[in-house]
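A.B. asks: Residue numbers (my numbering), protein chains in the order written: chain A, 16 to 270; chain B, 6 to 352.
It is possible that some hints are incorrect.
Not the full set, but computed from the structure, chain B residues with beta-carbon under 7 Å of chain A [unchecked claim]:
{"hint": "1", "residue": "Ala15"}
{"hint": "2", "residue": "Leu33"}
{"hint": "3", "residue": "Gly44"}
{"hint": "4", "residue": "Pro45"}
{"hint": "5", "residue": "Leu47"}
{"hint": "6", "residue": "Thr94"}
{"hint": "7", "residue": "Ala205"}
{"hint": "8", "residue": "Thr209"}
{"hint": "9", "residue": "Arg210"}
These are calculated hints, taken from the structure and not from any lab test.
If you're wondering where the values come from, they're calculated on a predicted model, not measured in any experiment.
Note that beta-carbon positions come from the ideal geometry of N, C-alpha and C, so glycine has one too.
If you want the building blocks of each chain, they are given just below.
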Amino acid sequence: MSGSAGDGLLVVVDSRIHRLPAQVKIVALFVFVLAVVSTPAGVFWAFALYAVLLAACVALAKLPVATVMRRLAVETPFLVFALVLPFVATGPQIDVLGVSVSESGILGSWNVLAKGTLGVVAAIVLSASTAPRELLAGLERLRLPSTLVAILSFMIRYLSVVSDDLHRMRIARESRGYAGGRAGHLKAVAGGVGALFVRSFERGERVHLAMQSRGYTGRMPQLATSGAARNQWLEGLTISLLAVLIAVTARVASL
Amino acid sequence: MHVPDGFFDAPTSIATGLIAAGAVGFSLQRANREIRETGPALAGLTAAFVFAVQMVNFPVGAGTSGHLLGGALAAALVGPWTAVLVMSTVLLVQGLLFADGGLTALGTNITLMGVVTVIVGYFVTRALLKALPKRVGSVVPATTVGALISVPVAALCFTGLYVIGGAVDIPLGKLATAMVGWHILVGLGEAVITAAVLSAVVATRPDLVYAARHLQADLVLVDADGNTSTVSPDKPIAAKPAGRSFGVGVAATLLVAGVVSLFASAHPDGLEFVGAKLGFESAAKDSAVAGSPLADYGVSGIGNSQVSGALAGIIGVLVTIAVGLAIAKIASLRSSARAEQTDLMQS
Chain A
16 MSGSAGDGLL VVVDSRIHRL PAQVKIVALF VFVLAVVSTP AGVFWAFALY AVLLAACVAL
76 AKLPVATVMR RLAVETPFLV FALVLPFVAT GPQIDVLGVS VSESGILGSW NVLAKGTLGV
136 VAAIVLSAST APRELLAGLE RLRLPSTLVA ILSFMIRYLS VVSDDLHRMR IARESRGYAG
196 GRAGHLKAVA GGVGALFVRS FERGERVHLA MQSRGYTGRM PQLATSGAAR NQWLEGLTIS
256 LLAVLIAVTA RVASL
Chain B
6 MHVPDGFFDA PTSIATGLIA AGAVGFSLQR ANREIRETGP ALAGLTAAFV FAVQMVNFPV
66 GAGTSGHLLG GALAAALVGP WTAVLVMSTV LLVQGLLFAD GGLTALGTNI TLMGVVTVIV
126 GYFVTRALLK ALPKRVGSVV PATTVGALIS VPVAALCFTG LYVIGGAVDI PLGKLATAMV
186 GWHILVGLGE AVITAAVLSA VVATRPDLVY AARHLQADLV LVDADGNTST VSPDKPIAAK
246 PAGRSFGVGV AATLLVAGVV SLFASAHPDG LEFVGAKLGF ESAAKDSAVA GSPLADYGVS
306 GIGNSQVSGA LAGIIGVLVT IAVGLAIAKI ASLRSSARAE QTDLMQS
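Just chain A, same shape as in the assembly (with noise of 0.2 Å):
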């Protein structure tokens, strides 16, 4: 963990996904995605076709599959709620292997499978293709207001120096035999965390005065002036309307 915190989840590769604004690419996440949630869960060509399209956004943006298969795992516990959903919703029961399930759980639970993974995938391709700055510089053309985009820009510049600290602690609470596996090593690890706090907090204090004796005002000044380019933005959201195009085909087929 310690080190490549700040950095997200950033692979660096050159590729033309990583090479559009910040901005285009979160919004056309947002479309991408919205369009996949208003998707009627039964019309399952639609969910292949988007598949097809993210495939096509993983390769374009060189990602090893492997990686973004690994990252994935963020949706278990939601795997798991998906799993148990045929067996515990109403409706209509049907036999599986054997087995009665009910037949909206079935659907309900394909439906928050196929999404959540669609999302996950989709919001993969974004943080692997672009680094926080970026990702900051991007939020605040999308009008984010300042003070959240410069409490946004502190914690992505601060996260991997605070996991460093908090790795510290743990190498020296382990060396003190405080492994951490028994309920009576909560203090120490409590009391770690606590000063883990108190330690943030303060360099949060010496951070603003030394910003201040150097004339912040508010705002960081911006490196990067020019906005996102008319055909940029089409690149960018080729793929988003192509998803909006097959929801709203499916919204229409399925009625």
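Given chain A, put chain B in place with the hints provided.
C.D. replies: Chain B only, in chain A's frame:
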């Protein structure tokens, strides 16, 4: 705990998105003075702290370990408005940088984990602090209870959202019992961890604990002649009284609603019976939930008047807040813009 995309239908996602945006906007305004004074660096580092702490596994007894959500803890440490911003920032970073929690579900995640836990946790803490002895140490038990209550209330809100915008009909009684039952356990873990972390902070830097700043003992000075004088520690920036009573009202409503339905779901058998019956009907009707969430909720919202009343209360409160915030935001946009301008000119 992070809700992925597609878990709730689009109208619910959009509605919770609006609630989250309103709550963040409101918090930005309330925290503005604090942040102007202490700088965004402090909030950013607190966010980094919460992010890091969510990855720490705490041993909570019986061979199990849990991790912290941190809403109630953050509220006690840096105050409710900054805490809402901090938690939202953490969730935004998790969603955008780490693909954890869907982007369309971001509003839902912020509402549940960033707003509900913080607000409930903080106002329970404040209410208890009034009853407890006036010492800084009292903040530990108060926040512990706040943390304990905040998690099941968030789970209850999740259940309410699921009733409105979930894809599948699950008997509400079953779902509420399972969610709240499980999250009382999670809340116990949260409470233990919060207590331990907070007492560690109180032991070293009690002045940093926002919720206890007004409880600090006066400094007694004795000069060379033996005359004593007392100096009050720096008062925290006082919240406007209107805002406080507004918050207390919200917390009270949420709490009362939550407690009522907790009580109701203590009888799962009756509920399951009703739920199974009703769930059957609405499943046969096709889940046309999209049209009008609240109206549909009224139809399919299981015939237990206590539970549906509680949920309606919570939903009503949240919707009212959202509308109120939107109005407040519009009303104050101009004045705050002007204030910022004069600020810039002065500095």
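A.B. asks: Are the hints correct? Go through all of them and say.
C.D. replies: A quick look at each hint next to the structure:
1. Ala15: With a closest approach of 5 Å, the Ala15/B hint holds.
2. Leu33: It holds, given that the least Cβ distance between Leu33/B and chain A is near 6 Å, below 7 Å.
3. Gly44: holds, 3 Å
4. Pro45: With Cβ-Cβ at 4 Å, under 7 Å, it holds.
5. Leu47: Holds: closest Cβ of chain A sits about 3 Å from Leu47/B, inside 7 Å.
6. Thr94: holds, 5 Å
7. Ala205: holds, 3 Å
8. Thr209: The hint holds - Thr209/B has a Cβ within 7 Å of chain A, the shortest such distance being about 6 Å.
9. Arg210: With Cβ-Cβ at 5 Å, under 7 Å, it holds.
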